[in-house]
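Residue numbers (the UniProt record's numbering), protein chains in the order written: chain A, 1 to 402; chain B, 1 to 402; chain C, 1 to 402; chain D, 1 to 402.
Calculated from the structure, these hints are not laboratory results.
Errors might be hidden in some of the hints.
Note that identical chains are pooled: a pair holds if it fits in a single copy or bridges any two copies.
Dumping the calculated SDA-like pairs for lysine to any residue here, alpha-carbon to alpha-carbon at most 25 angstroms [as the list claims (entries may be wrong)]: (1) LYS14 with PRO370; (2) LYS14 with ALA25; (3) LYS14 with GLN369; (4) LYS393 with THR269; (5) LYS14 with ARG63; (6) LYS14 with ARG46.
There are 4 protein chains.
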Amino acid sequence: MGQPQQPDGSEGAKPPLRIGMVGYAFMGAAHSQGWRTVGRVFDLPRRPVLAAICGRDADAVRRAADRHGWAAAETDWRDLIARDDIDLVDICTPGDSHAEIALAALAAGKHVLCEKPLANTVEEASAMTVAAEVAYRRGQLAMVGFNYRRVPATVLARNMVAEGRLGTLRHIRVTYLQDWLVDPEFPLTWRLRKELAGSGALGDLGAHIVDLAQYVAGERLAGVSALTDTFVRERPLPVGATSGLSAVSSAGTGQVTVDDAALFTGRFTSGALASFEATRYATGRKNALRIELNGERGSLAFDLERLNELSYHDGTEPGAHAGFRRILVTEPDHPYLDAWWPPGHGLGYEHTFVHQARDLVHAIAEGRQPEPSFADGLQVQRVLAAVEESAEKNSVYTTVAV
Amino acid sequence: MGQPQQPDGSEGAKPPLRIGMVGYAFMGAAHSQGWRTVGRVFDLPRRPVLAAICGRDADAVRRAADRHGWAAAETDWRDLIARDDIDLVDICTPGDSHAEIALAALAAGKHVLCEKPLANTVEEASAMTVAAEVAYRRGQLAMVGFNYRRVPATVLARNMVAEGRLGTLRHIRVTYLQDWLVDPEFPLTWRLRKELAGSGALGDLGAHIVDLAQYVAGERLAGVSALTDTFVRERPLPVGATSGLSAVSSAGTGQVTVDDAALFTGRFTSGALASFEATRYATGRKNALRIELNGERGSLAFDLERLNELSYHDGTEPGAHAGFRRILVTEPDHPYLDAWWPPGHGLGYEHTFVHQARDLVHAIAEGRQPEPSFADGLQVQRVLAAVEESAEKNSVYTTVAV
Amino acid sequence: MGQPQQPDGSEGAKPPLRIGMVGYAFMGAAHSQGWRTVGRVFDLPRRPVLAAICGRDADAVRRAADRHGWAAAETDWRDLIARDDIDLVDICTPGDSHAEIALAALAAGKHVLCEKPLANTVEEASAMTVAAEVAYRRGQLAMVGFNYRRVPATVLARNMVAEGRLGTLRHIRVTYLQDWLVDPEFPLTWRLRKELAGSGALGDLGAHIVDLAQYVAGERLAGVSALTDTFVRERPLPVGATSGLSAVSSAGTGQVTVDDAALFTGRFTSGALASFEATRYATGRKNALRIELNGERGSLAFDLERLNELSYHDGTEPGAHAGFRRILVTEPDHPYLDAWWPPGHGLGYEHTFVHQARDLVHAIAEGRQPEPSFADGLQVQRVLAAVEESAEKNSVYTTVAV
Amino acid sequence: MGQPQQPDGSEGAKPPLRIGMVGYAFMGAAHSQGWRTVGRVFDLPRRPVLAAICGRDADAVRRAADRHGWAAAETDWRDLIARDDIDLVDICTPGDSHAEIALAALAAGKHVLCEKPLANTVEEASAMTVAAEVAYRRGQLAMVGFNYRRVPATVLARNMVAEGRLGTLRHIRVTYLQDWLVDPEFPLTWRLRKELAGSGALGDLGAHIVDLAQYVAGERLAGVSALTDTFVRERPLPVGATSGLSAVSSAGTGQVTVDDAALFTGRFTSGALASFEATRYATGRKNALRIELNGERGSLAFDLERLNELSYHDGTEPGAHAGFRRILVTEPDHPYLDAWWPPGHGLGYEHTFVHQARDLVHAIAEGRQPEPSFADGLQVQRVLAAVEESAEKNSVYTTVAV
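Excised from the complex, chain A in its bound form (with noise of 0.2 angstroms):
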């Protein structure tokens, strides 16, 4: 285990950081796990406390702060933000709301995590990037919630790409591959719909893959041409609270708003090519975040299915000894391991959340600006901008706007 001794001797002797979350379904959930177990198996110099969690239906809010820990519930997220005894906001609601919450939080003098996509749009994100680079400032800090940049196998990815194990890029080729939505049967969620969730597997997926893709890379895409398709464009309207992904139909039926799978080839900075596919119908593949790099010394490759292992060909190798290896992601010496199990003792996806509110916590401790910043999510969203562009535009190659 290897667990750092804490000098002081005491967790309570630390730094509060009081926690208010707005939102507590899926992602919510999530959260709640990692603020909870973030403190108990990592040294911080702050305590993360949870404060405050806030919802519309009251009961609901009052169960899910039992349920994980809160210590109060809200109903209106600007009584939230109001509270003096909250010092970051933590935004888990549909993308609609982002901008209006994290602004006022921002306003407020809140850190604010924000979960990804930054915003439904390029202009929302502008606005929320500038107001976070103004809190800046006067100390607040703002992060976009991108949690498979926390997995120890992406880490390890970009370190060794960083480190030059890779040489110049030649190719990028990333999936995310769901099915949920291959029975059309599956009823009209708010993730179906473009006023409440912007986009479809292009916003929900593919920003995970582009901001992926980018870090682990450690360059942009400069440009994209893109092709993206709603093969099921009316679905039986849900029945009752939804949770997004999973939700009981009625008789009704409504119109699908949002793209059902999102394809883009494109063209990093460095002049490496890309291929990106986000879809929701790949029957089979459950969580298939797959990502490949090529460079001119050595390639690597994930799979979020198999969290736990990187995959490495090192091009100097000998050819008669050279061989795609699966590195277990596990030692004590690959990122944030030294804190978990022995080798071999493999981690969950939920733990992206604790190394997430790990990294945050030290950032807001220290004054320094945590990654993945509003910028970067601005950056993102233009990226899916361009994609949409050129999906309109009959695929024509689109600049990304910088």
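Mind docking chains B, C and D on chain A? Use the hints.
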């Protein structure tokens, strides 16, 4: 997510289950994580309370209490057991102290969870089993911590065997391969000393695979033929505190008094042939607990290094389309999974302790004997004893005592 | 084995099919192996005779004839075609000479097998297709050598799609990744010169995957949006004879005039979205032709580096037991397999040429048009032309000509 | 391809090596393919000539000669051996006739290739070994057909072990899993009758893995402890001709007189611990010959179902980047591969027979003892005898006779 609703609306309203834990190293951290998380994810009939933790080093146990969230700290396990505000004693110490602590805890009217192996000898395990059976009649419950019974994929495997999907079993082959002793300079931690650990790879890894194989197969080993060996007989002594799995070496050396590896073949009660191997010298294998079962109608295979997957071959399918399929065990209708994340969002090693806690809390609330019982732990001990006897007697086939 | 019996009792009694082959490098060796072996494994209606081989270097072609078992050697393909004792001309030269040789062979009344790509331009391919159609009416048959249609696993995949096991197709993603150009010192062989090879990765690898994807899917690409690039624009000139894939460098350098990599997305006629990538710069990927199809009812995946396997997900199964299964395509009821070895005894790359020969001999004996026809080869060429046009026109979506 | 040049310019100018083969079923077809192909791919010092094939059924052997390309057919192996125009006798019959034929062939001055296992008993194998040693002094050479020594990946593995890349070996684990007997209605072919096959899974599969493990490890088994069993003791009698692996059932039944499965553990001479399993009841495993070696410095793993791959872990690398790598054994500097296809274009099962033929032709031309010798075959037989003895004596550890 689909988390079930709480009818009474409040976590706080549930009767508490007050836990006192002995030991705070690797297993202590893992059990703490389990107790702290279980009520946040699963609907439980009782509310686990991390009441007190116990260890001999006052400073260290105080820090562990802070770190892991225990309300109090004790330095003598007898004091812990004597406390009125403890309902369940959770024993996470090395095997040489299991019997003494468990017997005292049962005598004091506590429920007991005891880490595996149940004890270092059949005699101790027998005494514990008798005590547990007596205590059961008083309403106390005792369970052994074979946590690999709580991986969703292994539970699914057991269920599939129990449903008859494999038919008559022909072969069961199991390995548990690690490599942390390959380096002859790794120091002589407690796990390499017979007086503390009882045995080496056999008791540590072999106990796991004997229990898991019998659990999944739904039947028991009738007899075994064994080979064991100690490859490196002298190792440097460790300096300072060690966790069993990591340490710093000193200049002096000492004798390794346990086995480095144990191989055995055997027959299950149905006549199926079995092969077992436990070793800490399998270079590159970090936690390769692998089990495969071949039956007349199908086969199953599992690898702990990819714990979210179960491999299944349905032998009743037409040959042209048959093959081992990789079931991603992350669907809501898989064991334990309705409380966790969407499909494809995998779990990790520590979740086994959350699930173990869940199952034990339910059993206690219902006054029902949890599995694996101390009797199950004793039976595993008898298999290990038969292995040791066979190894001493030139590998002759040795019947497992009943 | 189950090799079918020959009713007439004697191989020698069958009418011969006398073959004349042009070219003796990589493809020449592979085709020779196919022709030499096919009658030893399969029951054929005609007996292939390796009548004559042709190449410009008299010594080299004589050695190749000896080596590969051809009865005679010619140095001018016109002489080969003029021979009376040749029934079938097998063209294994670089693409720039395909049209001239094939047209002459058809005019001379021969059957023709032409290596892929059919030609270097749509114009040549059109002329060849017209000539083949005219010749067909005279009883001559012409086929293109897309040998990856003859892997048992790809045939099985096509059959499963045709049976409706995948339902409506949603996604087709295909890559053909090699890495033999990663080293910038690899010399400028004929495969890197537009005047000989027509194009680079596109015509060599892209042609294969376009044909294979359309074959397995049972439908065609309607349009594409493409990006291509040449990463290394100047390379050393080779010294002496080269095989296209291996060579020795000299001091001088020359311009690479073909693409190093080609990526394109597209739509199939059914509306399925497709992604293609062909490259010679994917470090560590040696022959990674991978295809995955996702349909409403199931999915299939294939990787040429593991060509005895087909991965299949049956989406109609209960989710709890569903998963991608690895079908080992070596059963006697798999395509071509009743003539080979027992289950699990895999085939290799060259067997595709044995199977190609088998299918062509049957078609000729039955006077039936073999597949893929020159028209199929022309259609692939039209896809490649659309790719090149899109790449030149800023990736704009470009309809494939019909 | 890089096929080496023939200095003398002509295949026909080489001295012939005239082969007479006894047996024409599965192994006969495989050996024929080897002899027919070897000179077309490799540069050989002598030219193999398929002179005569022998079998008891005159019609069938005539058809086999036609099919596989043998110039003549014989119905009595004594006549074959008596022919002056035969240099090498290739024995492909069931094990009960190996000794008689091999002894006669050696007495007649022929070189001998004998399929594995060398014989059905140690006594026969001893006599054959003595005869081979006597014949060797006369310039005759004898070899056993353990063809899995000719897979490029297994040769690479042996070479890597011999180079010291694994250091001191600790563990060797080997399985050979098939499933063709799972169905209790599969008929009683010759492979299930002791008087013909000698033993069951043990002699058929076990002989292969004992030889392969010793070959790769470069050392021998010192002793074993074994369990064997026959799961289905009565089976329907077959109707008509059978190939051993496939047949049609009749109404009558007969006793299975061989083992269905054999498991044994053992010690190698270096002290490494070994585990072996051979079975025909591993549902879904078709040809799963798997071997893993763990040494102080590294590990290797091989699976015959993916025979173009070798898995290698370099234990001397920094832990953070170490992992089992998949070497695609298709590079020109891999064993046998310079004569075949470009990287990534895999070989199949039958290539082992081509390579076996190549190695034997070279040994004969150089008058050098080929490996594995009859003495090697005898030693494997002694291991199998020790396994049978241990299984009969309650699994007691049994030393392999030297």
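Hints and how they fare:
1. LYS14 with PRO370: within (21 angstroms within a copy, 40 angstroms between copies)
2. LYS14 with ALA25: For LYS14 and ALA25, the Cα distance is within 25 angstroms only across copies (23 angstroms; inside one copy 30 angstroms).
3. LYS14 with GLN369: Classified as within; 21 angstroms inside a copy, 43 angstroms across copies.
4. LYS393 with THR269: Result: close both inside a copy and across copies, 22 angstroms intra and 20 angstroms inter.
5. LYS14 with ARG63: between (29 angstroms within a copy, 14 angstroms between copies)
6. LYS14 with ARG46: For LYS14 and ARG46, only the intra-copy Cα distance (5 angstroms) is at most 25 angstroms; the inter-copy one is 31 angstroms.
The structure shown violates none of the earlier numbered hints.
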